[in-house]
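Number of protein chains: 2
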Amino acid sequence: MAMEGYRGFLALLVSALLVGFLSVIFTLIWVLHYREGLGWDGTALEFNWHPVLVVTGFVFILGIAIIVYRLPWTWKCSKLLMKSIHAGLNTVAAILAIISLVAVFDFHNAKKIPNMYSLHSWVGLTAVILYILQLLLGFFVFLLPWAPLSLRALLMPIHVYSGLFIFGTVIATVLMGLTEKLIFALPSYSSLPPEGVFTNTLGLLILVFGALIFWIVTRPQWKRPKEPNSVLLQPNGGAPEGVESSMAMNFGNVDKSDSELNNEAAARKRNITLDEAGQRSTM
Amino acid sequence: MAMEGYRGFLALLVSALLVGFLSVIFTLIWVLHYREGLGWDGTALEFNWHPVLVVTGFVFILGIAIIVYRLPWTWKCSKLLMKSIHAGLNTVAAILAIISLVAVFDFHNAKKIPNMYSLHSWVGLTAVILYILQLLLGFFVFLLPWAPLSLRALLMPIHVYSGLFIFGTVIATVLMGLTEKLIFALPSYSSLPPEGVFTNTLGLLILVFGALIFWIVTRPQWKRPKEPNSVLLQPNGGAPEGVESSMAMNFGNVDKSDSELNNEAAARKRNITLDEAGQRSTM
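In the order they appear, the protein sequences are chains A and B. To convert, note that position 118 of the first sequence is 118 in the working numbering; the numbers rise steadily by one, no gaps. To convert, note that position 149 of the second sequence is 149 in the working numbering; the numbers rise steadily by one, no gaps.
To be clear, the hints were calculated from the coordinates, so they are not data collected in a lab. Treat the hints with caution; some may be incorrect.
It does not matter which identical chain is meant; a pair holds if it fits inside one copy or across any two.
Claimed, not checked - Calculated lysine-lysine pairs in the BS3-like style (CA-CA distance at most 25 Å, straight line):
| hint | residue 1 | residue 2 |
| --- | --- | --- |
| 1 | K111 | K76 |
| 2 | K112 | K181 |
| 3 | K181 | K83 |
| 4 | K83 | K112 |
| 5 | K111 | K181 |
| 6 | K83 | K111 |
| 7 | K112 | K76 |
| 8 | K181 | K76 |
Using the sequences and the accompanying hints, generate a full structural model.
Dropping the structure here:
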């Protein structure tokens, strides 16, 4: 990575961390200062764990997990270590997301409020279920060493797409959740009291955090480089850890490997075409 | 495009069109059957144009505009024609989005409801403003013939990213809007009456439409091929229309051109690296 690109990456990474951290702080200030505080007693204090845990785990930690392969100072670390960190962060996020659901179901049941009627709840529960499936798939196919390379190559584009889709859906769900809570709990919302301004700003912060993570993860020049010793042209090549590094988090290269599995001759031809396209796009 | 890839593309395109069309139909059924109907008189009938125009223009037509370069039967058409269609669809979507705002402001003013207090309104107005800027930038830089290739190459990754970010933000805003309207207008929402189930389903349809558009537009193998006669290695090459075709809608190749402008030697080296990566990712 050239120095200029490195500085750009660092600036965006620091911005993302700052905005993500601010989102968590804003959520805490919201529930501690404007709302009833935190507790685990079936009252609104228990409900308040719901936004805190979602924004901490399902937004901030998930966002960091998405870009963890892109940190240049980790490129010397083994792929297995980085995958373990990616899986570990996502496991923490999933646990926090599940506890956040327990908090809201407990609160609803104690207050005799029906569960699962709102669009927020439908989309949110779908996101949590997809996230758990994504985590299990990632664990068995990409972290454990037994899945064949062909299966990994087939599933990697779906894994990358699903991860980003779940992240985007979670952010949309958080914005719906803020909307719901403000309408239910802040009767003066339409006169825009300080809590309304503050919580709307929290919503914007979370949206900006998502925008920064999406920008960072879709820049091809900030992708983790391939392992130098991976030999992927050989079907039984000796470096299974290297296969994802050529595909993870890069829409442009992801699917090629999939179709290439079916027809190596077509694949070689396509690589030549890709090279020609690369030459032609140079000015 | 191989026949198998073509069939996969067609299946996804038909699904996207179907789900997008269903979303528009569901919105119409919602306002005509469950709500008060349509009109332009400052009452709820005028408000109801808001969801109809947003889902038709800002979701469905914008979604189609995003994938229009990917339709294989248009690859024989000139790039200028396709850009005009892309710009035309986006112009229609922007006009519908603006009329949808007029409808809701008119309704609020007639009913003495404050404007611009909700998170939905903050995010939604931001999306409309960004969309208009995006449209103007696209018109002056990419459609009119006068912008230098270097400027086009610099702005294309931002144009692609912004377009997808705006589309995702619009969908999140629609989900917030449905949430707001259901809480305000359907006191029995929590007992999940038919209108609640129907409108929650509409929200899911819009989310699935977004998911399909995002999948279609991020598959590198479904990208419009480069113009065969473009000569982009020459800084004053005679085919300015071809420059975007190598970059549009492909995260993987987009940013390369930008940095390559600064250093052609580095660019050539990178193309070789890209080719090697392509070879290595083949199994």
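Quick rundown of the hints versus the structure:
Neither within a single protomer nor between protomers do K111 and K76 lie at most 25 Å apart by alpha-carbon distance, with minima of 53 Å and 63 Å respectively. When the C-alpha separation of K112 and K181 is checked against a cutoff of 25 Å, the pair qualifies both within a copy, at 17 Å, and between copies, at 23 Å. Taking CA atoms no more than 25 Å apart as the test, K181 paired with K83 passes in neither setting, with 36 Å inside one copy and 43 Å between copies. Taking the shortest Cα distances, K83 and K112 never come within 25 Å of each other, neither inside one copy (43 Å) nor across copies (55 Å).
Both within a single protomer and between protomers do K111 and K181 lie at most 25 Å apart by alpha-carbon distance, with minima of 15 Å and 24 Å respectively. In the homo-oligomer, the alpha carbons of K83 and K111 never lie at most 25 Å apart, since the shortest distance is 42 Å inside one protomer and 56 Å across protomers. Taking the closest pair of Cα atoms, K112 and K76 never come within 25 Å of each other, the shortest separation being 54 Å inside a single copy and 62 Å across copies. Proximity of K181 and K76 under a CA criterion of 25 Å is satisfied in neither setting, with 45 Å inside one chain copy and 52 Å between copies.
Hint violations for this structure: numbers 1, 3, 4, 6, 7 and 8, all remaining hints satisfied.
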